[in-house]
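K.L.:
Read off the chains here:
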Amino acid sequence: MTAVTVKLTVNGREVELSLEPHERLVDVLRGRLGLTGTKMGCGEGECGACTVIMDGQAVLSCLMLAVQAEGGDILTIEGLAPDGSEAGLHPLQKAFVAEAAIQCGYCTPGMILTAKTLLERDPDPTPQVVKEAIAGNICRCTGYDKPVKAILAAAAEMRAAAQGTTAAATVTAAAIGAPEAVAVPGNVSTTTVAERGES
Amino acid sequence: MRTTFRPAAYLRPGSVEEAVRILTEEPERCRLIAGGTDLLVQKPAEAEILVDVAGLGLGKIALTDGHLRVGAAVTVAELERAEPVLRHPCLTILAEAAGMLGTPGVRNRATIGGNLCNGSPAADLAVAALALGADVEITGPHGVRRMPLTDFFRDVNLTALESGEMVSVVEVPVEPLDPTTAARAAGAFFKLRRHQSSVDIATVNVATVLYLDGGVITDARVALGAVAEVPFVSEAAAAALAGHEPLDEVLRAAGAAAAAETRPISDIRASAEYRREMTAVLVRRALEEAVRRCRA
Numbered sequence: 001m002t003a004v005t006v007k008l009t010v011n012g013r014e015v016e017l018s019l020e021p022h023e024r025l026v027d028v029l030r031g032r033l034g035l036t037g038t039k040m041g042c043g044e045g046e047c048g049a050c051t052v053i054m055d056g057q058a059v060l061s062c063l064m065l066a067v068q069a070e071g072g073d074i075l076t077i078e079g080l081a082p083d084g085s086e087a088g089l090h091p092l093q094k095a096f097v098a099e100a101a102i103q104c105g106y107c108t109p110g111m112i113l114t115a116k117t118l119l120e121r122d123p124d125p126t127p128q129v130v131k132e133a134i135a136g137n138i139c140r141c142t143g144y145d146k147p148v149k150a151i152l153a154a155a156a157e158m159r160a161a162a163q164g165t166t167a168a169a170t171v172t173a174a175a176i177g178a179p180e181a182v183a184v185p186g187n188v189s190t191t192t193v194a195e196r197g198e199s
Numbered sequence: 200m201r202t203t204f205r206p207a208a209y210l211r212p213g214s215v216e217e218a219v220r221i222l223t224e225e226p227e228r229c230r231l232i233a234g235g236t237d238l239l240v241q242k243p244a245e246a247e248i249l250v251d252v253a254g255l256g257l258g259k260i261a262l263t264d265g266h267l268r269v270g271a272a273v274t275v276a277e278l279e280r281a282e283p284v285l286r287h288p289c290l291t292i293l294a295e296a297a298g299m300l301g302t303p304g305v306r307n308r309a310t311i312g313g314n315l316c317n318g319s320p321a322a323d324l325a326v327a328a329l330a331l332g333a334d335v336e337i338t339g340p341h342g343v344r345r346m347p348l349t350d351f352f353r354d355v356n357l358t359a360l361e362s363g364e365m366v367s368v369v370e371v372p373v374e375p376l377d378p379t380t381a382a383r384a385a386g387a388f389f390k391l392r393r394h395q396s397s398v399d400i401a402t403v404n405v406a407t408v409l410y411l412d413g414g415v416i417t418d419a420r421v422a423l424g425a426v427a428e429v430p431f432v433s434e435a436a437a438a439a440l441a442g443h444e445p446l447d448e449v450l451r452a453a454g455a456a457a458a459a460e461t462r463p464i465s466d467i468r469a470s471a472e473y474r475r476e477m478t479a480v481l482v483r484r485a486l487e488e489a490v491r492r493c494r495a
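In order, the protein sequence lines correspond to chains A and B.
Residues in the first sequence are numbered consecutively from 1, following my numbering.
Residues in the second sequence are numbered consecutively from 200, following my numbering.
By construction, these hints were calculated from the structure, which means they are not laboratory data.
Mixed in with the good hints there might be a few duds.
[Claimed, not checked] With a straight-line cut-off of 20 Å between C-alpha atoms, the simulated SDA-like cross-links for lysine to any residue are:
#	chain 1	residue 1	chain 2	residue 2
1	A	K131	B	Q395
2	B	K242	A	K131
3	A	K131	B	H394
4	A	K7	B	A253
5	B	K242	B	G258
6	B	K242	A	A160
7	A	K7	B	L210
8	A	K7	B	H394
9	A	K131	A	A153
10	A	K131	B	R393
11	A	K149	A	I138
12	A	K146	A	A162
13	A	K131	A	A100
14	B	K242	A	E20
15	B	K242	A	A100
16	B	K242	A	T2
17	A	K7	B	K242
18	B	K242	A	G43
19	A	K7	B	R451
20	A	K149	A	A160
21	A	K146	A	V129
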């Protein structure tokens, strides 16, 4: 076995790991970095529970070798609200709570991260676009209605925040920007993920 | 005899030439990896050396003098949203096929090269590229050779790639569209799945490109997937169309001719009989859509 040295950024933190070629990204995130918010479902790219964001794109961490993430900028669900406070939650997370869009919760991290990349690409999606975007995130509690509502609600919240039209929206805007800025002061790469969106 | 997926080495060559050199030295032990979305499902135990071809500069889409050149490492999601693809009434079937391949998460990693080289009989991009008359550029130890995609697929999961070779570019001829003439061209891609809104491999997939001039079909290509051991172009369907007006009975006859050329199997997704019947229906519908787009 030839170990491979891999450098990547995870939730704004640079990490260097010595990895064996067969190790999947999902196993490295969960097993080596302790980021168990990323869930392992089917292991074959069918369920979407292991979705993380790499370089602005939702990817399945069970269908990626960790060595392939060299130089990548990865965001897991932990990085979305790194201070762990309720106020610091991302608008999508708040909307999922408010809409009770969670049953067992296993699909939730993947669904939220997939939705984040959708809203970066399309801030005002139709319900159909939302459904298509989360088509690869399977909920076996079969609760799709509420996640769709939550994503649409978060989209509205984020648009309002972007326009700065209401006091409430201003508070939300601070909530979007604050966690990442607090966790990684001066870290350019995390900002880049948020700004770049999907190509 | 190894039984688990435990590659001993992972290599990241910096150029196509270097990748080919590695591949040529150890052809039996190497497996190429780009997106990995098929490889990590198959987990081949014989893969001892993984050669990552995602960083070889093959990730570009370029429209130049009558050709669309798509690098083998272009992702399905990039193809789905590529401007030169979406803008052209024929090329757009590549984007349509890309948008129906797998899930969004798979599409962000899966590549066109991988979709073709796995040799799946149901490969969505293969069917679209066949209808467009694509060639593949193959780089190997003796340099670059070109091959019509129609010659590339040999059997289930078997392509014409020889030891040490890899697909580097997929090239699609693009005919200039002159709006001042009566000549029109358009394509359509249709995919039948067990549940139409679901994420699934095709039960049957069909792509067509149609050329109309003065109300007559001057040329047509119909490609079929998941109904034979390889995706293929139906010559009989094209023959049933050329020189005719796009009337209902003509499009229907082309569908029947295509269905007669299928060699489907029965499996978990559908029976052979159903696949053959649906080929006729999908080909007719795809042709109707292409005609509609020609006239739009």
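K.L.:
All hints, please: hold or fail.
P.N.:
Hint-by-hint comparison with the structure:
1. The suggested pairing of K131/A with Q395/B holds, with an alpha-carbon distance near 13 Å, which does not exceed 20 Å.
2. For the hint linking K242/B to K131/A, the alpha-carbon distance of about 30 Å lies beyond 20 Å, and the restraint is violated.
3. With a CA separation close to 15 Å, the supplied pair K131/A and H394/B stays within the 20 Å bound.
4. In summary, the hint linking K7/A to A253/B is supported, as the alpha carbons are separated by about 17 Å, within the 20 Å threshold.
5. Restraint check: the Cα-Cα separation between K242/B and G258/B comes to about 24 Å, which exceeds 20 Å; the hinted pair is violated.
6. Distance check on the hinted pair: K242/B and A160/A sit about 46 Å apart at the alpha-carbon level, beyond 20 Å; violated.
7. Restraint check: the Cα-Cα separation between K7/A and L210/B comes to about 15 Å, which is no more than 20 Å; the hinted pair holds.
8. For the hint linking K7/A to H394/B, the alpha-carbon distance of about 42 Å lies beyond 20 Å, and the restraint is violated.
9. For a cut-off of 20 Å, the pair hint linking K131/A to A153/A stands: about 14 Å separates their Cα positions.
10. A hinted pair counts as satisfied when its Cα atoms are at most 20 Å apart, and K131/A with R393/B qualifies at roughly 18 Å.
11. At roughly 16 Å between alpha-carbon atoms, K149/A and I138/A fall within 20 Å of each other, so this suggested pair holds.
12. Restraint check for K146/A and A162/A: not satisfied, since their Cα atoms lie roughly 24 Å apart, outside the 20 Å limit.
13. At roughly 18 Å between alpha-carbon atoms, K131/A and A100/A fall within 20 Å of each other, so this suggested pair holds.
14. Between K242/B and E20/A the CA atoms are separated by roughly 15 Å; this keeps the pair inside 20 Å, and the hint holds.
15. Straight-line distance between C-alpha atoms of K242/B and A100/A comes to about 38 Å, which puts the hinted pair past the 20 Å bound.
16. Straight-line distance between C-alpha atoms of K242/B and T2/A comes to about 18 Å, which keeps the hinted pair within the 20 Å bound.
17. With a CA separation close to 24 Å, the supplied pair K7/A and K242/B exceeds the 20 Å bound.
18. Restraint check: the Cα-Cα separation between K242/B and G43/A comes to about 11 Å, which is no more than 20 Å; the hinted pair holds.
19. Taking the CA atoms of K7/A and R451/B, the gap is near 58 Å; set against the 20 Å cutoff, the hint is violated.
20. Taking the CA atoms of K149/A and A160/A, the gap is near 17 Å; set against the 20 Å cutoff, the hint holds.
21. Between K146/A and V129/A, the direct Cα distance comes to roughly 15 Å. Compliance with the 20 Å bound is thereby established for this hinted pair.
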